[in-house]
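S.K.: Below, each chain spelled out in residue letters.
Number of protein chains: 2
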Amino acid sequence: MKRKCLDEDQCPIARSLDVVGDWWTLLIIRDAVGGATRFGEFQKHLDIAKNILATRLKALVEQRIFTVVSEAEGGHGQYFLTAKGKALLPVLVTLAQWGEEHTVWDAEGTKLLDAKNLQPLRRVELMSQDGRILRPDDVVAIEPA
Amino acid sequence: MKRKCLDEDQCPIARSLDVVGDWWTLLIIRDAVGGATRFGEFQKHLDIAKNILATRLKALVEQRIFTVVSEAEGGHGQYFLTAKGKALLPVLVTLAQWGEEHTVWDAEGTKLLDAKNLQPLRRVELMSQDGRILRPDDVVAIEPA
Numbered sequence: 001m002k003r004k005c006l007d008e009d010q011c012p013i014a015r016s017l018d019v020v021g022d023w024w025t026l027l028i029i030r031d032a033v034g035g036a037t038r039f040g041e042f043q044k045h046l047d048i049a050k051n052i053l054a055t056r057l058k059a060l061v062e063q064r065i066f067t068v069v070s071e072a073e074g075g076h077g078q079y080f081l082t083a084k085g086k087a088l089l090p091v092l093v094t095l096a097q098w099g100e101e102h103t104v105w106d107a108e109g110t111k112l113l114d115a116k117n118l119q120p121l122r123r124v125e126l127m128s129q130d131g132r133i134l135r136p137d138d139v140v141a142i143e144p145a
Numbered sequence: 001m002k003r004k005c006l007d008e009d010q011c012p013i014a015r016s017l018d019v020v021g022d023w024w025t026l027l028i029i030r031d032a033v034g035g036a037t038r039f040g041e042f043q044k045h046l047d048i049a050k051n052i053l054a055t056r057l058k059a060l061v062e063q064r065i066f067t068v069v070s071e072a073e074g075g076h077g078q079y080f081l082t083a084k085g086k087a088l089l090p091v092l093v094t095l096a097q098w099g100e101e102h103t104v105w106d107a108e109g110t111k112l113l114d115a116k117n118l119q120p121l122r123r124v125e126l127m128s129q130d131g132r133i134l135r136p137d138d139v140v141a142i143e144p145a
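First to last, the sequence lines map onto chains A and B. Under the working numbering, think of the first position of the first sequence as 1, with each following residue one higher. Under the working numbering, think of the first position of the second sequence as 1, with each following residue one higher.
In case anyone wonders, no lab produced these hints; they're calculated from the structure. Bear in mind that the values here come from a model prediction, so they are computed numbers and not experimental data. A couple of the hints might just be wrong.
[What the hints assert, rightly or not] Calculated cross-link-like contacts (lysine-lysine; reagent style BS3-like; alpha-carbon spacing at most 27 Å):
1) B:K111 x A:K111
2) B:K58 x B:K84
3) B:K84 x A:K111
4) A:K86 x B:K111
5) B:K86 x B:K111
6) A:K44 x A:K86
7) B:K86 x A:K86
8) A:K84 x B:K111
9) B:K58 x B:K116
10) B:K86 x B:K44
All chains should be modelled from the sequences, with the hints used to inform the complete structure.
M.R.: If you want it as structure tokens, here you go:
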């Protein structure tokens, strides 16, 4: 099915998904967090055709998720996450924590770790303004009137 | 492009995206958090064809994101998030917070609020085991050796 355009949706979740709602976007960003900057590195990690990856990286540069630094000798250049791109890290972390708990895998997987001591991050908790931990049933979704 | 199967990927982010990596999945879950339980409610919110929604809801029931309670008189029944489905709420919240900050919208949008007092949630911060707030550059992605 053709992707619906959500960039003018009133819901901020929908607008975010307009940018990162295809599975490959967050995997490219994950690879960038892991240190990948070059076209060939992304291609090796994602195992997709060059023309498809080129289209995707171009879209992410247009969305200002990545900035690209050209090379003097031509070629693809290097791709770096912008502040806007780096701000997606909490989405990656919550997806990783959900995946660790709710999907099956019996070996060591990719980990997002504290750079200082290579320890796992604390589990993300949703909190109220006054510091209460909020369980799923403590949160409501309200649409504008 | 055909969706790659990621359910045996070593990366928990990829495995999560195998379940929720299509934009519509998280929007259906958002609507369920907002109180939708009936087929017609999801259809009205998402504005998609009945056969497409039926396929999607079936997939989410197979993934145990939703449980379906049948009705005596037939029909679609009611769809409720399981604990596994509700555990995706931090993913929705981090997407919403990113969307509020990094996408453009000039009116009131859907909000995820503290049910007790209808206040916005605290901004999600990534934290180390010992309680330091981690900025994006304080987090590294490590692949298994």
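S.K.: Take the hints in turn and mark each one as holding or not.
M.R.: Going down the list of hints, with the structure as the test:
Taking the CA atoms of K111 (chain B) and K111 (chain A), the gap is near 31 Å; set against the 27 Å cutoff, the hint is violated. At most 27 Å may separate the alpha-carbon atoms for a hinted pair to count; K58 (chain B) and K84 (chain B) meet this at roughly 16 Å. With a C-alpha separation of about 21 Å, the suggested pair K84 (chain B) and K111 (chain A) falls inside the 27 Å cut-off, and the hint holds. A threshold of 27 Å between alpha carbons decides the hint, and for K86 (chain A) with K111 (chain B) the separation of about 23 Å falls inside it, so the pair holds.
Using a Cα cut-off of 27 Å, the hinted pair K86 (chain B) and K111 (chain B) holds, with the two alpha carbons roughly 17 Å apart. Between K44 (chain A) and K86 (chain A), the direct Cα distance comes to roughly 22 Å. Compliance with the 27 Å bound is thereby established for this hinted pair. Distance restraint check for K86 (chain B) and K86 (chain A): the Cα-Cα separation of roughly 26 Å lies within the 27 Å cut-off, and the hinted pair is therefore satisfied. For the given pair, K84 (chain A) sits about 21 Å from K111 (chain B) by alpha-carbon distance, which is consistent with the 27 Å threshold.
Between K58 (chain B) and K116 (chain B) the alpha-carbon distance is near 33 Å, which puts this suggested pair outside the 27 Å criterion. With a CA separation close to 22 Å, the supplied pair K86 (chain B) and K44 (chain B) stays within the 27 Å bound.
Going down the numbered hints, you'll see the structure goes against 1, 9, while the others check out.
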